[in-house]
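Starting from the structure of chain A, add chain B where the hints point.
Number of protein chains: 2
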Amino acid sequence: MKSTIKFLGSLALLTPVVMQSTAKKPNIIFFLVDDYGWADSQVAYDGVQYPNNKRFHTPNMQKLADMGVRFSHAYACPVSTPTRTSMLSGMNSVRSHITNWTSMAKDEPSDAVGGANGATVYQEKEEDVFRRPEWNINGLSPVEGIANTQYATPMVRLLRDAGYYTIHVGKAHWASAGTPGATPYNMGFIVSVCGNNAGLPKSYRGKENFGNTPELWNMSAVQDLTQYYGQDIFLTEAITQEALKMLDYPVSQKKPFYLYMSHFATHTPIQKDKRFFDYYADMGQDEGQSKYASMVEGVDKSLGDIMQYLQDKKIADNTIIIFMADNGGNADVKAKGGILHKQNGPLREGKGSCYDGGIRVPMSVYWPGKTASGTQIDTPVLPEDMFPTILNMAGVKNYNTVQEIDGQDLCHLIVEGSKFVAKTKNGMVPQTISGINPQREILFHYPHQWKITYKPEVDFLSTIIVGDWKLVYVMMNAVEGQHVDPSNGMIPLESYMMSPVPGIRQGALELYNVKEDIGEAKNVAAANPEKVKELAKILSDRLRANRASMPIVRSTGKPVPMPDELL
Amino acid sequence: MKSTIKFLGSLALLTPVVMQSTAKKPNIIFFLVDDYGWADSQVAYDGVQYPNNKRFHTPNMQKLADMGVRFSHAYACPVSTPTRTSMLSGMNSVRSHITNWTSMAKDEPSDAVGGANGATVYQEKEEDVFRRPEWNINGLSPVEGIANTQYATPMVRLLRDAGYYTIHVGKAHWASAGTPGATPYNMGFIVSVCGNNAGLPKSYRGKENFGNTPELWNMSAVQDLTQYYGQDIFLTEAITQEALKMLDYPVSQKKPFYLYMSHFATHTPIQKDKRFFDYYADMGQDEGQSKYASMVEGVDKSLGDIMQYLQDKKIADNTIIIFMADNGGNADVKAKGGILHKQNGPLREGKGSCYDGGIRVPMSVYWPGKTASGTQIDTPVLPEDMFPTILNMAGVKNYNTVQEIDGQDLCHLIVEGSKFVAKTKNGMVPQTISGINPQREILFHYPHQWKITYKPEVDFLSTIIVGDWKLVYVMMNAVEGQHVDPSNGMIPLESYMMSPVPGIRQGALELYNVKEDIGEAKNVAAANPEKVKELAKILSDRLRANRASMPIVRSTGKPVPMPDELL
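Same order as they appear, the protein sequences are chains A and B.
Counting from 1 along the first sequence, just add 1 to a position and that's the residue number in the working numbering.
Counting from 1 along the second sequence, just add 1 to a position and that's the residue number in the working numbering.
So that you can see chain A by itself, here it is in the shape it has in the complex:
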């Protein structure tokens, strides 16, 4: 009881911080980078410079982090759409049942190389262990009654209704073509450039019309950039110029704006941004690494250009910038160079995976006059937190939504938390200061096969993180039957089509101490059966409570067991 009172007391204490923003509504820029690894910049998000950090020249990301607060434990879903729809809906992806990326065309599941780019939907085969789960394959919808979507009131619509001039530039990817969620206009954006159902750009090259040529075209050709066709310009630069153009109107009208600057970079295709490539090649990085780094620096320049624009227009002191990535870097693409599956070092694996390489992302927030500069907060934060956080930043209150909001308002964490950190040099902000429990349950669930070949490090994983402990549920390894080796209850990897990763042979439930073992190299489940049991219970309860999408075991016709059923 005492702690409850204390908690309520702290909430009462917290309220005034937020109120201040109603006087003069701040502009808000949400700067989102695609498929972008946690260590893929010179910024040390947890205060440690890893070898990867040294490969990148990103002065503007560094500047933003120095001006504001960086997060060492910002998380995103393993793939694009779930993160983006969580941000826009405030819902955890397990509850929205949008757990995978939405394919280009409506009603085509993307699981295991589904309908992407209009290609043939993956047909299940006799030798498959799982059937794909039921999930909202068409993504998020701002309109009720659209099949296979989660209906929600989009955060941006509330911003617009509160007087914000809302601008979308870049990748949307909340829903499949043929549904209302495919266009930013229906999500509450007043103006939109490029945004549609595409999850990647067909080409970054102006000279290739960004994919708009008869040879290249598919649904991921980038729209709205006709003026740059045939020109020697990289997509990152083109959409930055478009974004600045779009800002002119609200700035001239002195309207508060929300700019969703949603870069296509650094998603595949990995293409050279010629402006920056040589620097990395000269440094000795391989071709792929240099290409990828050049794309990263293009994004960095975009951030710098936008910050310069704010200065030029004298609105920098009233503009919040939130910098984030939609999921971890892709560690399964040869074109990025380096060593496959190791590209997100020090983190394990990458995009698609519930290992930290897939879900831990860079994040910085600069809130002029509010954030204590150069601070690092260790409290974990989630994509769905962006919904109440951004609305609170904008002073939008008492709004109604058709959905229940899972995200938590991070404003106190950002403002009071950064001040606490500046004072105490301790990134773990107490809940009494921030309203956020540092031990909050971090849940990610990926009941899908990402690509045509089964990848044990990526596919059919769930995870729950509580403080320093992380449980990973390897669903494939939990299947009973012919594939299971009865001597150890595990699935011989040889049973599946896969690209074998040497040394990986895990049980169904893996436990890591992520504080001591950032690379999740040492499964300590056997030594900590109680912790496994505790986390398995939490994870299972959350999955059950949300009627989570679960793969179906073909041999039994039943869903894979809940993790606690294995114990």
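Mixed in with the good hints there might be a few duds.
Identical copies go unnamed one by one, so any copy, or any two together, can satisfy a pair.
[Unchecked claim] List of simulated lysine to any residue pairs, SDA-like, C-alpha gap at most 25 Å: (1) Lys398 to Asp249; (2) Lys335 to Gln43; (3) Lys26 to Asp249; (4) Lys26 to Val252; (5) Lys246 to Gln404; (6) Lys246 to Asn401; (7) Lys208 to Gln124; (8) Lys256 to Asp162; (9) Lys314 to Asn401; (10) Lys302 to Gln50; (11) Lys255 to Asp162; (12) Lys255 to Arg158; (13) Lys246 to Ala148; (14) Lys398 to Asn319; (15) Lys246 to Lys302; (16) Lys208 to Pro110; (17) Lys532 to Arg545.
No lab work stands behind these hints: they were computed from the structure.
Treat the numbers as computed from the prediction; the structure is a model and nothing was measured.
Quick look at chain B alone, frame taken from chain A:
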């Protein structure tokens, strides 16, 4: 001197009419229909019901004409881009040297099946009589220094700068891809849906993703409509819904808006709008005619839906609607049914041509509280007039432009002119009332070959209209040399690749009395040599003064002669 004083006096008298609009800025909707014939509605624009009018059911166009004022002699250029760029720049197309449509890709002349849709640019052949003229093949540019463009301050930018919320929906087609003019955003539009460099929609069908499929795609696939992909919706309907969505923001903000509702219909491809097709088929019209009429009625519904929206939002009494077409109906497309080259009856020929079928277009204006309803004005009006007219309607004054404006402000003609007509029942409004000389010189110049096959009724024509008299200069017939029959100074049609039109064998200078001979069937040049000479002089002087683009005669390397050089 006396007449000058009188004219100045009338101008002074005119001024107050326009001033009134500054109190409460009116909304303005410019509703533009593509390739749309003068008689292709139930509206009798010159008060006469022609057989063609009876084929169409367009109650909303009729309603608009009845509410406001219709123009019997509204003109547009023979093809799309010159009209559209004249509207946006206020320049006559002869002076801007944008005399033909701009092709999809930069630096590819569209003359004689130039680079449309990325197809091979037409290569001149040994047997060609002409080389294509120099002209601004890349169209209009709001930025200086872009090769092969006319640089101009776009009217919409001035509207925006004056506080108008400017919305573009539909076809743009002012400039080629790869130049700034390819996108409405650079022309002053705050928000844009679909607008780019395309001159036509690849498909009107939502089920075909409006051309966005691997099989169909080319640069004329319609952008920004991903949400409708795969759905059974016609493009006309989709962009109307988008337009109404875009209006919600300025209406909610009580901002005056300018909506450029620029329909793709009724341009090719001629496709059935299923909602309306049966009515026409049941009437006994052929398949093509019924398809075309269904597209027209789709446009009519769009107009009706927009008018209904204005009612619902209670802004109808402060919203001006200008209805117009960008050129005459296409009379050279089999898919429209009927008889080729006769589809614009009672007018001769169609799109591309300087005969009236190509240049005389429907036009109505409703200005609440200002236009006298149900009136018909016979004073000729031009596309470039839209520039000063719309700015004056919006109360925008003292603006600066980099270009000289050729267009004349029609506000007095519309307001005082319609009242004069209502009173006198005489559509010829005196200049003292309107500021517009009813005998003003109407000039159109098409020094191009439209399609791969030479068409004497369309290609290489100029015209000057003054009052009831119209001179047509048939450039091909003016070429001296091997192709000319010395017995009559004319070119035997057999000399050219062409689809022969029976009975057409004209001299180089044709004269028509368009009041008595609306179909331009009787060349009365021989009987009126003085009128021919007078008009040839006016036309030639205008062409010379503007250094007009003229085809080059291959055999001599010189431009075709000016019309007065033939006499």
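Results for each hint:
no.: 1; hint: Lys398 to Asp249; result: between (27 Å within a copy, 22 Å between copies)
no.: 2; hint: Lys335 to Gln43; result: within (23 Å within a copy, 64 Å between copies)
no.: 3; hint: Lys26 to Asp249; result: both (17 Å within a copy, 22 Å between copies)
no.: 4; hint: Lys26 to Val252; result: both (13 Å within a copy, 22 Å between copies)
no.: 5; hint: Lys246 to Gln404; result: between (34 Å within a copy, 23 Å between copies)
no.: 6; hint: Lys246 to Asn401; result: between (32 Å within a copy, 21 Å between copies)
no.: 7; hint: Lys208 to Gln124; result: between (36 Å within a copy, 24 Å between copies)
no.: 8; hint: Lys256 to Asp162; result: both (13 Å within a copy, 15 Å between copies)
no.: 9; hint: Lys314 to Asn401; result: between (34 Å within a copy, 24 Å between copies)
no.: 10; hint: Lys302 to Gln50; result: within (22 Å within a copy, 63 Å between copies)
no.: 11; hint: Lys255 to Asp162; result: both (17 Å within a copy, 14 Å between copies)
no.: 12; hint: Lys255 to Arg158; result: both (20 Å within a copy, 18 Å between copies)
no.: 13; hint: Lys246 to Ala148; result: between (36 Å within a copy, 23 Å between copies)
no.: 14; hint: Lys398 to Asn319; result: within (20 Å within a copy, 34 Å between copies)
no.: 15; hint: Lys246 to Lys302; result: within (16 Å within a copy, 34 Å between copies)
no.: 16; hint: Lys208 to Pro110; result: between (33 Å within a copy, 19 Å between copies)
no.: 17; hint: Lys532 to Arg545; result: within (20 Å within a copy, 91 Å between copies)
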